[in-house]
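Participant: Going down the list, the protein sequences come from chains A and B. Sequential numbering from 7 applies to the first sequence in my numbering. Sequential numbering from 7 applies to the second sequence in my numbering.
Hints are computed from structural coordinates only; laboratory data are not their basis. Hints may be right or wrong, so weigh each one.
Beta-carbon label-pair distances, calculated as ranges [what the hints assert, rightly or not]:
hint: 1; chain 1: B; residue 1: L93; chain 2: A; residue 2: R147; range: 18 to 28 Å
hint: 2; chain 1: B; residue 1: P71; chain 2: A; residue 2: E104; range: 54 to 64 Å
hint: 3; chain 1: A; residue 1: S193; chain 2: B; residue 2: S72; range: 25 to 35 Å
hint: 4; chain 1: B; residue 1: E151; chain 2: A; residue 2: R45; range: 43 to 53 Å
hint: 5; chain 1: B; residue 1: G60; chain 2: A; residue 2: A98; range: 50 to 60 Å
hint: 6; chain 1: A; residue 1: E198; chain 2: B; residue 2: P135; range: 29 to 39 Å
Stretch by stretch, here's where chain A covers chain B in the computed footprint (C-beta under 8 Å, at least three residues) [what the hints assert, rightly or not]:
hint: 7; segment: 29-41
hint: 8; segment: 47-54
hint: 9; segment: 60-70
hint: 10; segment: 177-190
Even for Gly, the Cβ is constructed at its ideal location relative to N, Cα and C.
Protein chains: 2
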Amino acid sequence: MSDQAAAALWPDRPADAQGERTETARRLLLAAVDSFARRGYHATTTRDIATAAGMSPAALYIHYPSKAALLSEISRAGHQATLDLVLAAAGAPGGPVERMRRLVEDFTSWHARGHTVGRIVNHELHALPEEEFEVVAELRRQIEEAVLALIRQGVASGAFDVQDIRTAARAVTSLGIDVSRWYTERSSETPEELGRRYGVLVLRMLGSTA
Amino acid sequence: MSDQAAAALWPDRPADAQGERTETARRLLLAAVDSFARRGYHATTTRDIATAAGMSPAALYIHYPSKAALLSEISRAGHQATLDLVLAAAGAPGGPVERMRRLVEDFTSWHARGHTVGRIVNHELHALPEEEFEVVAELRRQIEEAVLALIRQGVASGAFDVQDIRTAARAVTSLGIDVSRWYTERSSETPEELGRRYGVLVLRMLGSTA
């Protein structure tokens, strides 16, 4: 299990008036991640999730009206976390080469560390309720746009040499996302090593000579 | 639906003594592909598949003892088809550059045309019965090995310049496989165009100057 990454999405909060409610919601989200990953979303029941969190189904419903509500929160959090790291890399000091290297390193290592969450948020999109799907689709567009804009910057400055910017951007995000399909804790590289290697491959793909 | 690609896995046979049995099995396989793609494997029942094929569940059981047997046959056929095209490209006339270009073009366009089957065979691996999983894992190893061997050939001949051969091979297959996650009939490129563009990107990634 790589729930280290899932746990990082919903960090422990200091105890306050909301403390207990937050902690219960957090336990349910982590139990839902684990259950969806094991059985797939469709075959998971709210009872499975409640049991994994050590609660009754009734206690679950106090926090989430349905398993779709849990999937929605997991999907939003996962997409927001990856958008945040993409925007941080795209706005970092340095030129397009340094920014793209950081973007690929961070995006790749996130999908390796968070392969359990990554699989759920990328493979269960069709199961989201329509309004939630729209929210997540907008986050995905922003990720794609940030990658596109960075490639355009690099082409404009002469750092990159790319014939088809849209296909190149698609390949960059696709390589990172697919890591969550195949990466396991038994993989030979650490998430950080994989990120560095993918950074080198992507810069070559973009025609960088740096 | 891109069941053009699924249909190609189980071509119509000329009518003979076995003709009717083969045609029924084929209808069931195509109905299973469609049902698994819509609902996910776990949430699909044998009744769903039988209904989609216009049969009774009893008629289904004459051909397949379980939905796992259908998944197994779909998964074997999909993996065998991709292994066949990988081996054909790796053994084609020309040097490593021409062979790799053809490999990426064919592997990519197969996963675009066959995105429905591609998603099932790549995302439902964990649902296979253990012995079937071993068969499919062996086909996957052969695909990975063929890509590795071709990269090694190119490095030995000086056509490629790759630091980490295993990671590069992983990136090549990952890019192609992930096409089945995101490609739809609404995508702006045809499967063949996408294949050509990915061929260019991969050759660059491998340090080819051709």
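Participant: Of all the hints numbered above, which does this structure not satisfy? Sort the numbers upward.
Facilitator: The structure conflicts with hints 1, 4, 7 and 9, although it agrees with all the remaining ones.
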